[in-house]
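J.: Chain by chain, the residues run as shown.
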Amino acid sequence: MKKYTERYIYAVTKRLPVSMRTEVAEELKANIQDMIGSENPSDEVILTTLRKLGHPRVLANQYRGKERYVVAPEYYDDYIGTLKVVGSIFIIVSLVTGLIDAFTSMTSVALVSVIQNVLENIFDHLWEGLMMAFAWTTIGFWIASSVNHNKSCDDWKLSDLPDLPEPNQIKISRVGVMVELVFGISFGLIFIIALQNGIPFVIKDIIQPFIPFFYIGIILELCVGIIKIIYGTWTIPVILVTIINQVYSILLAYFFFTSGFLDSGIYEAIASNSNFTISEAQNGISIAKTMLIWIIVLGGIAETISNLNQYFRFKIKP
Amino acid sequence: MIEESILINLVAELRRGTQILAVLGQLHQGQYGYSLLQDLNAKGVAIEAGTLYPLLRRLESQGLLKSEWDTQESRPRKYYVLSQDGEILFKTLIQEWNNLVSNMNVILKEEK
Numbered sequence: 016m017k018k019y020t021e022r023y024i025y026a027v028t029k030r031l032p033v034s035m036r037t038e039v040a041e042e043l044k045a046n047i048q049d050m051i052g053s054e055n056p057s058d059e060v061i062l063t064t065l066r067k068l069g070h071p072r073v074l075a076n077q078y079r080g081k082e083r084y085v086v087a088p089e090y091y092d093d094y095i096g097t098l099k100v101v102g103s104i105f106i107i108v109s110l111v112t113g114l115i116d117a118f119t120s121m122t123s124v125a126l127v128s129v130i131q132n133v134l135e136n137i138f139d140h141l142w143e144g145l146m147m148a149f150a151w152t153t154i155g156f157w158i159a160s161s162v163n164h165n166k167s168c169d170d171w172k173l174s175d176l177p178d179l180p181e182p183n184q185i186k187i188s189r190v191g192v193m194v195e196l197v198f199g200i201s202f203g204l205i206f207i208i209a210l211q212n213g214i215p216f217v218i219k220d221i222i223q224p225f226i227p228f229f230y231i232g233i234i235l236e237l238c239v240g241i242i243k244i245i246y247g248t249w250t251i252p253v254i255l256v257t258i259i260n261q262v263y264s265i266l267l268a269y270f271f272f273t274s275g276f277l278d279s280g281i282y283e284a285i286a287s288n289s290n291f292t293i294s295e296a297q298n299g300i301s302i303a304k305t306m307l308i309w310i311i312v313l314g315g316i317a318e319t320i321s322n323l324n325q326y327f328r329f330k331i332k333p
Numbered sequence: 406m407i408e409e410s411i412l413i414n415l416v417a418e419l420r421r422g423t424q425i426l427a428v429l430g431q432l433h434q435g436q437y438g439y440s441l442l443q444d445l446n447a448k449g450v451a452i453e454a455g456t457l458y459p460l461l462r463r464l465e466s467q468g469l470l471k472s473e474w475d476t477q478e479s480r481p482r483k484y485y486v487l488s489q490d491g492e493i494l495f496k497t498l499i500q501e502w503n504n505l506v507s508n509m510n511v512i513l514k515e516e517k
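If you're matching them up, the sequences are chains A and B in order.
Quick note, the first sequence lines up with residues 16 to 333 if you use my numbering.
Quick note, the second sequence lines up with residues 406 to 517 if you use my numbering.
Treat the hints with caution; some may be incorrect.
[Stated by the list, open to error] Partner residues are not named here, just some residues of chain B that face chain A (Cβ under 7 Å, in silico):
#1 447
#2 449
#3 451
#4 454
#5 458
#6 459
#7 480
#8 482
#9 483
#10 484
Quick caveat, the hints were computed from the structure, so don't treat them as lab data.
From the three backbone atoms N, C-alpha and C, an ideal C-beta is built for every residue, glycine too.
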C-alpha cells in the first residue's frame, strides 16, 4: 500500500474537526496534484512535494487556526508553581497515610518484614499521591485555561498584584519540612502503637484517654507542615500555627508525664535487679520524670519565644 | 557572534507580518492555491505551501476572500478572490503599511 498522497491528506484531516475534513481534503488534494504536476509521478516526486507541505500535524494546526492547550502558556508558570506546592502536600499526606497503613497492617515484628511492609506501603501511597497531585492540578488549570481562554488579559486590577516579599523573610525548606514530618509522625505513630499494645509497668487505663490527644497532635503537626509548604516563608500565619502546635505539645507532654502512668511495680523491679533500694528507685524515677518535664516544657517555651519574637518582628514593621 | 538560527527566526518573523498583505495584493483576480504560490514565489515572497493553503481558508472564513470551485478543467480547482470587505480592508492595510514603512525609515535613518 503506497497511496502516499491519500495517506498524507488523511493524516492531516483526521486531526481536524469533522465539519472541515471533506473540503480541506478536496482542496489539499487539488493543490498537491498541482504541485506534483504530472499524472504518473514517481515516489520521489510525491515525497518531495509532501515534504514541502510539512508535517501533517503542523499543517493540521495551520488549518485549524487557533492553538489549543491543556494549560495555556500564560498559566504555565502558575501551573508549575502550584504543582510544586500541591505535589509536596500530596507527598507528605501519602507518606503519612503510607506509614499509618504500614504500622496498622503489620503482621510480623521481624525487622526485614517491617522494613519491607513500610517501603511497600510508602511507595504505593507515594505513587498514588503524586499521580493524584498531577491529575488534580492539571484538571484545575485545564478548566481555568478553557474558561478564561477568551477573556482578555487586559482585564486585571492593580489589587491583583501580589504583595512584595518581606526583605528579611526566611525561606522554609520544603524538603526539610517533609523530612521533619515523616520522622516526627512515624515516631509518633510507633509511640502510640506501643502504648496501645502495652509497655511493661505502664498503666493502660491511665494512658488510654491520652491516645486521641496524641492523634490530634499528629494531625496538628501535619497541618502545620502543609501550611509551611503553602506559604514557603516564615510569615505571620505560619508562625502562629507553629506556636499553637508547640503550646499544644507542651501541655500534652506536661499532663501525660504528670499523670502517674507508671505502675509501682517498677520500683520493686528496679530494686530487685540492682543495688538500689525501693525508695531510692522511687526518688530516682521521680527526679528523672521532673527533669524530663522541665526539659520538654523549657525547650518548648524557648522555641515558642523564638517564634513569638519573629512574629513581633513582622508585626512591628509597617 | 550571533547564532544563525536567531537571525533566521527574526527574518521569518519580519516576513510573517507581510505575508497576508502580499496574499491579498495578489487576489484582485481569482487564483487557485498553487498558482498563487508560484506567483508569490516569483515575486520574491517567501511563503511555504503549508502556510499559504491554510491561510487562504482562514482569510475566507474571516470574510476577506470568497471562493469557488472550478470543475470545468480536467482537475477541479478552488479559486480565491478578494471579497468586497477584503477590498476595503486591503486598502486600509496598505495605508497602515505605508505609515509603518515611513516610521521605520525615520528610525532606521537615525541609526545611520
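J.: I'd like to know which numbered hints this structure contradicts. Please list them from smallest to largest.
T.: Hints 1, 2, 3, 10 not satisfied by this model.
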